[in-house]
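Number of protein chains: 2
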Amino acid sequence: MNKEFHQLENNIAGEGFLPGLAVDTVIFGFHDNQLKVLLLAYKNTGLYALPGGFIHDNEDVNEAARRVLQSRTALTNIYLEQFYVFGNYSRYDPGPLKAIMQARGYNPPADHWLLKRFISVGYYALVDFTRAIPTPDEISDSCDWYSLNELPALMQDHQQIINKALETLQNELDQKLIGFNLMTEEFTMGDLQSLYETILNKKLIRAAFQRKMLGLGILERVAKKWTGGAHKAPYLYKFVSNRLPADNS
Amino acid sequence: MNKEFHQLENNIAGEGFLPGLAVDTVIFGFHDNQLKVLLLAYKNTGLYALPGGFIHDNEDVNEAARRVLQSRTALTNIYLEQFYVFGNYSRYDPGPLKAIMQARGYNPPADHWLLKRFISVGYYALVDFTRAIPTPDEISDSCDWYSLNELPALMQDHQQIINKALETLQNELDQKLIGFNLMTEEFTMGDLQSLYETILNKKLIRAAFQRKMLGLGILERVAKKWTGGAHKAPYLYKFVSNRLPADNS
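In order, the protein sequences belong to chains A and B.
Mapping the first sequence onto this note's numbering, position 47 (from 1) lands on 115, and the numbers just tick up by one.
Mapping the second sequence onto this note's numbering, position 175 (from 1) lands on 243, and the numbers just tick up by one.
Bear in mind the hints are in silico, worked out from the structure with no lab data behind them.
There's no promise every hint is true.
Same chains, same names: a pair is fine if it fits in one copy or spans any two.
List time: in silico DSSO-like cross-link candidates among lysine-lysine, alpha-carbon distance up to 30 Å [unchecked claim]:
{"#": "1", "residue 1": "Lys111", "residue 2": "Lys232"}
{"#": "2", "residue 1": "Lys270", "residue 2": "Lys306"}
{"#": "3", "residue 1": "Lys306", "residue 2": "Lys280"}
{"#": "4", "residue 1": "Lys104", "residue 2": "Lys166"}
{"#": "5", "residue 1": "Lys166", "residue 2": "Lys292"}
Let's have the full structure, built from the sequences with the hints guiding it.
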């Protein structure tokens, strides 16, 4: 990636990349009633940012999002969903990119392609943060999970991108639940309710939650095994196997 | 718009516009159990297309979508929702744009900006097609409503854009219902069920539909007026007034 960024910053016209278009990824991590988000810290700048990057001129945009996430965090096999295009003129702010290049000892000309207006396609995912251990690339000091209520100040409009991604996740959780592949194979209704309560950031009524989830038609009750005291154990569920979502790319 | 297109095609480098980025709008029309979509036919080309266009370099992308829809169809005040970015490399197909320019007597050079690869941000809306009378712009022969099951062959990947928009509309109808402002102020559960059945293209069970809709918490039952025979009339509903969605721009 050091090499890749070197190539980006020495490519003043941005040849080989789509002009003015970027991808940014909001990776939410859930575990044990905690919700976090993945951030990079740029070396010698004090700048925190979402993992993002640019699109090769012969590359699918969805493919670029996967490649960028992998090259910047070393995370693979993450089910990314497009959620919004950030295209307001007011988000145009070349300062941070200039600061990142200057921190590397490179002083870009004013018409450098990285200093032009960019539109960003936002992607999000939800993973178990104990199973996703990120590694920073060579232009980042760190790549870590941060609690949503303890985020550092973020560059450009990245805080708004996170807010919009969270809103989308909250609205789409019913539909995306299986795709995110977050639950163990068998789980209790209580496990699922904990996930919802953490993401929606509110308590839910148990009976109403169970009724709603069963009404979605995506859960199958697992037959109980006889284990002596099992009559007191909660029912286990799994996702019905014919409801796996199609690849959305 | 004739003037505007003249400006586009004589602007070989695309100055004043964002490079490589377009907007396309899928306007669904509903009325009386019919679902249609709005298409343009380009003069002297045989090409049918969604209303689309380009983004000024100091313009918000969402604002460009509204402007493009208005300039190409004369429709205003339509609540457009972003739904997907069409960014696969395989969609790159400069042929139709070249044909449209040639049909106007202009032979573009091979490196003309309109012949380069474009990424398109898709927007959709749902309107009452009897209240939305489109007018073609000067480069289009017609701008008309077409039944979804009788669409002509469409240019580039516009058929796939429509398919993806329909899928999104079907998935998001519960959430977007109020924003689309499609129902009369007061309506019966049967009116609402007809809308759902048409968009989902399947029959629904009346009791289950009513239970689901009441469960969404967006409907309020209107007090019945005494009108003699009113005991046989169905209940009327309206949307609860504190659930108007925020502007999404």
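**Message:** Hint compliance check: list the failing hint numbers for this structure, sorted ascending.
**Reply:** 5
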